[in-house]
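Quick mapping for you: the protein sequence lines, in order, are chains A and B.
Oh and the first sequence: position 21 is 21 in the numbering used here, straight run, nothing missing.
Oh and the second sequence: position 48 is 160 in the numbering used here, straight run, nothing missing.
You may find that some hints are simply not true.
Unchecked claim - Chain A is faced by these chain B residues, among others (derived, beta-carbon under 7 Å):
1. 128
2. 184
3. 216
Claimed, not checked - Negatives, chain B to chain A, calculated, CB over 12 Å:
4. 149
5. 155
6. 156
7. 165
8. 222
9. 223
As the list claims (entries may be wrong) - DMTMM-like mimics (lysine to aspartate or glutamate), calculated; alpha carbons at most 20 Å apart, straight line:
10. 169(B) x 142(B)
11. 99(A) x 142(B)
12. 99(A) x 174(B)
13. 70(A) x 53(A)
14. 56(A) x 191(B)
15. 183(B) x 164(B)
16. 56(A) x 164(B)
17. 26(A) x 171(B)
18. 99(A) x 191(B)
19. 70(A) x 207(B)
20. 169(B) x 191(B)
21. 99(A) x 171(B)
Since the hints were made in silico from the structure, they are not lab data.
Computed from a predicted structure; not experimentally measured.
The C-beta atom is built at its ideal place from N, Cα and C for all residues, glycine as well.
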Amino acid sequence: SQQGEEDPQALSIQEGENATMNCSYKTSINNLQWYRQNSGRGLVHLILIRSNEREKHSGRLRVTLDTSKKSSSLLITASRAADTASYFCATDRTGGGNKLTFGTGTQLKVEL
Amino acid sequence: NAGVTQTPKFRVLKTGQSMTLLCAQDMNHEYMYWYRQDPGMGLRLIHYSVGEGTTAKGEVPDGYNVSRLKKQNFLLGLESAAPSQTSVYFCASADWSTDTQYFGPGTRLTVL
């Protein structure tokens, strides 16, 4: 079963706008990570937030984590056409033994 | 540094045939993983390894076997392929000092 569910499933925005994706999960976690997948390629790690952190930034990425609601959001600011990709959240569950459980992904399309 | 490589990139099998997918990493990572990705379902863990000579079952292990005879290589075998195993297969290795997984480019497998 999927641990993480992303919302929305698909998102289409104009270049320069901000994109927000959400992830909900079911069990307690050590950390939550976001990955990007360009069409036909492998996944690339973007950012990790630990269970004792509430917000983290990396360049144009901002991740928040609310462990009480078991949810996370990924914000991409000033989006570019090159940000067009699928984005997946992945959780490292407490007691899960160094394994990640991936969500179903959000397909982001950034139009010129 | 090649990172994580997978061979082959594409393969077409007939039902009942067998094959082995090879994953190699040059980052000296202890942990390695095999996932399958199906449309709309994100990534699901098939098998994983926490070190040379060790393997363990993931979420969807049936119909697959693995071996980790050398630290840098992780093999995924299909003994008798079925159409339900048509998928894109990704290998990953993990640096758990940073809790980050590194993915290969994937193998697209079609079973007729």
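Verification of the hints:
1. 128: Interface hint status for residue 128(B): violated (28 Å vs cutoff 7 Å).
2. 184: violated (17 Å)
3. 216: This hint holds: residue 216(B) lies near chain A, its Cβ roughly 5 Å from the closest one there, short of 7 Å.
4. 149: violated (9 Å)
5. 155: The claim is violated: residue 155(B) sits with its nearest Cβ about 4 Å from chain A, within 12 Å.
6. 156: Violated, because the least Cβ-Cβ distance between residue 156(B) and chain A comes to about 8 Å, which does not exceed 12 Å.
7. 165: The claim holds: residue 165(B) sits with its nearest Cβ about 17 Å from chain A, beyond 12 Å.
8. 222: holds (15 Å)
9. 223: holds (19 Å)
10. 169(B) x 142(B): Measuring from Cα to Cα gives roughly 16 Å; hence the hint holds.
11. 99(A) x 142(B): Holds - the C-alpha atoms of residue 142(B) and residue 99(A) are around 13 Å apart, at most 20 Å.
12. 99(A) x 174(B): holds (18 Å)
13. 70(A) x 53(A): Between residue 70(A) and residue 53(A) the Cα gap is close to 13 Å, so the pair holds against 20 Å.
14. 56(A) x 191(B): Since the Cα atoms of residue 56(A) and residue 191(B) sit roughly 45 Å apart, the hinted pair is violated (cutoff 20 Å).
15. 183(B) x 164(B): Holds. Residue 183(B) to residue 164(B) sits at ~5 Å (cutoff 20 Å).
16. 56(A) x 164(B): Violated: residue 56(A) and residue 164(B) sit about 35 Å apart, past 20 Å.
17. 26(A) x 171(B): Holds, at roughly 16 Å.
18. 99(A) x 191(B): violated (25 Å)
19. 70(A) x 207(B): violated (25 Å)
20. 169(B) x 191(B): This hinted pair holds, its Cα atoms lying about 16 Å apart.
21. 99(A) x 171(B): holds (11 Å)
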